Amino acid sequence: MPQSSEDSDALAERVVVLPKALHARPAGQLARLAGRHKETTIQLVAGEKKANARGVLAVMAMGAVAGTEVTVTVTGPDADAVADEAAGILTAAEG
Amino acid sequence: MTSVAHRWAGQGVAPGAAVAGSWRADRPVPAGAVHIGPAEVEEAFAAVAADLDRVADRVRAQGREAAADIVAVGALIAADPDLVDSAKQAAGGDQPLPAVREAVESYATVLDLLPDDALRQRAADVRQVGRRVLERLAYPGGGRDAPADRFVLVAAELGPADLIEHLGGGLVGAVAVRGGANSHAAIVARSVGLPLVMGVDPEVLDLPDATDLLVDADAGAVVAEPSPAEVARTEVASAREVERRGRLAAERGLPHVTADDQPFGLYANVSSDVEVRLALDSGAIGSGLVRTELQFMEADRWPSEADHRRVLAPLLAEAAGRPVTVRLLDFANDKIPPFLTPPAGLPVLLANPSAVTAQVRAIVDLGRDVGLRIMVPMVSSPDQLAPVRAAVEAAAVSFGVPAPPVGAMVETIAAVREIEALCQVVDFVSIGSNDLTSEVLDLNRVDPRARTELAAHPRVLSLIGRVVEAAVAAGLPPLTVCGDAGSHPTTLPLLLGAGVRSVSVAVARIDETRWRLRRLDTEQCRALFTHALRLGGAGEVAELVDERIEVTMP
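Protein chains in written order, with my numbering: chain A, 1 to 95; chain B, 1 to 554.
The following block holds chain A by itself, in its conformation from the complex:
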C-alpha cells in the first residue's frame, strides 16, 4: 500500500447522526472498510460507548439507535477519504 509520512499522521473527524439503528449490515461494512485500510484506525464514539470499527461485535455492542450522535475519528493514511466513507456508511438510508 502506498504510504507517505505526512499521510500516516493524518487525522480526520466526522460527526454524524444515525438515521437508523447501527445493525449488522453497516457494522459489517465498517469492518470491511477497516480491513481494506489496515494502517488506518477508525474509532467510533457514541455517548459513553466506544468501538474500533474493525470489530463488528464491538460496533454492534454499542447498541446505537436511530438519532444517536456518533463521532468518527480516523488516524493514519487516507484519513480524510476513509472518514468520509465511514460517515457515508453510518448515514446511508438503506442497508
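Be aware that a few hints might be false.
To be verified - Pairs of lysine-lysine residues, derived as BS3-like cross-links and limited to a Cα-Cα distance of at most 27 Å, are as follows: (1) B:88 / A:38; (2) A:49 / B:335; (3) A:38 / A:50; (4) B:88 / A:50; (5) A:38 / A:49.
As the list claims (entries may be wrong) - Stretches of chain B that chain A covers, calculated by requiring three or more beta carbons in the stretch to come under 8 Å of a beta carbon on chain A: (6) 228 to 242; (7) 528 to 541.
Hints listed in this document are in silico derivations from the structure and should not be mistaken for laboratory results. Source: prediction; values computed, not measured. Heads up, the beta-carbon is just placed ideally off N, CA and C, and yes, glycines get one too.
Using the hints provided, position chain B relative to the given structure of chain A.
Relative to chain A, chain B alone:
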C-alpha cells in the same frame, strides 16, 4: 452397520419429501483432552470465517442476496479481532475447549442484553460461529464439514442460518426435535421448498451420521433406513418438486403484467424480518400485510410502545424503500392473548386508546424509511376509523413526519354493508378474504371446513365485487386482497374478474402466484366472474373455473 429401522412422527412444517444420508448439525463437542493452544484457536476462527465467506459467495451467486448477507455477518463475526483475541487467551488454560466456549458465550451475552431485537438475534450468530470453531478444534482434520453429497440435516433446534448456509449445497431435507410452524427456520424452509419436519423424538439425534433418512413432511414422518420402495417413491417426487420450483422462480424479475398486459401488484404477508428478506428475494414488491399480533400471543397486558418497537424495528429496517402496509393488532378469533377474553377484536383495542397510541407511535416513527400505510383490522363501522386517524396524526406531528395513509381491512359483512360510507373516511381499503369467507358461510376460522376455495362461493364473490366497485367509485387506490384466496388457483382468476389487481400472499406462494397472474387474461376472468355470480355454490364455481381457465403449471 447395524440396522436401526425406526419411524418417528412429527409435524411437517414445510411440505415435500426427501431421502439422503443424515448429518447432525449440532453434535455435542467432546470436552475431553484436546491438545490445543492459541495458535490452533486463531487458525480455527480464520478457517470458519473463510468457510462462511465461501458459503456467502455461493449463495450470492445463486441470486439469494439477503440470505448471503445473513451468512456474511457470520464470517465477519468469526474474523472479529476482539472475539478471536479473547478466545486465544482462554485457550491458554487446562481446559481449552470449555474456556473458548465461555469466551464466545460472553460476547453472545453482551448482545443478548441489548434492548434491540435485531442485535439480540445476532447473539445466536455468535454462538453458531463458536460452535463451528469448537467443532474444528475438537475434530482435527478440518472440523465437521457438511457432506459434499446430498444430506438430511438433523438437529435439536434449527436457526434460519443453519438452513441458509447449506442451500444450493447438498441439503435436501431437515429434521428438528424442537420448533414449530412459526419458527424462522420453518419460514425459510417453506420459502425455499425444503421439506422440514419438527417435533420429532430426540432419539433421532442419536443416529450415526450417514444413516439413510427419509423425511416426509407431507405425512409428518421421519424414517431411518427406509425400504428401497419408499426411497424410490420419494426420490421421484422430490426431483419433480425441485424442478417445478426452479421453473417458477425463473420468472422472478419478469414484468408484473397479466396475459393481456394489465399491470398487477404482488405483495407478501409477513410477520418478521426474515420473511421480508425472503419475500423480496422472491420478487415481491413489498408487504401488503404486516401482522403485528403474532409476537404477543402470550402477552399478559397490552404491548407498550417499546414492545412494538422491538418487534417492528428489524422488520421495517429490512423493508427500507419498499411499500409496507402495517396492520394494527388483530387480537380476534383464534388469536386472543391470555389478558383478553373472546371475542376481543377491534372494539376492545379502540376501548384502550393508550394501546392504539403506543402501537401507532412505534409504526410511524420506525416506518420513515418505507412507503408506510397503516391498516385497521376487522372494521365493522366507518366511525371506527376516526380514533385511529387521530392517533396517527398526533404521532406524525410529534415525530415531525407526514401522516401515512390510514385504511381499513374489509373482512366483515358489516363493513361491506357500509362500504360506500367507509370509503369516504379511509385512504385505502384491503380485503381480508379468509375472515370474510368464514363469516359469510358461517364457519369458524379454525373449522377444518374453512378452506380457501370457499371464497369462490357466489355470496362471497358478490361482496368482494361490491367492495372493489365502491373503492373505484370513491377514487381510492387499487385495493389489495390479503388472504389465501389471492394465491389459490380457483379464487385468483375470480378476484381478477372482480377487478382486483393486487394481492398479498404468503411468502412461499409468491413465485406460483406470479406465474398464474402472468398467464391470466383479465377480460376472460371478468366474464368468468359474471357467470360465477349466478351459480349456486362454491363447488359449482370451482367446476366452472376448471372448465374455463387453463393455466399450465410447471
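*Between residue 88 (chain B) and residue 50 (chain A), does the CA-CA distance stay at or below 27 Å?*
holds (23 Å)
_residue 38 (chain A) and residue 49 (chain A) were given as a pair; does the straight-line alpha-carbon distance stay at or below 27 Å?_
holds (23 Å)
*With a cut-off of 27 Å on the C-alpha distance, tell me whether residue 49 (chain A) and residue 335 (chain B) pass.*
violated (41 Å)
*Proximity test - 8 Å, beta-carbon atoms, the segment 528 to 541 of chain B to chain A, at least three hits*: violated (count 0)
_Cβ contact check, 8 Å cutoff: the segment 228 to 242 of chain B against chain A, three residues minimum_ = Since 0 is below three, the answer is violated.
*Given pair status - residue 50 (chain A), residue 38 (chain A), alpha carbons within 27 Å*: holds (19 Å)
*Pairwise hint evaluation, residue 38 (chain A) against residue 88 (chain B), where the allowed Cα distance is 27 Å at most*: holds (21 Å)
Violated hints, in rising order: 2, 6, 7; the structure is consistent with all others.
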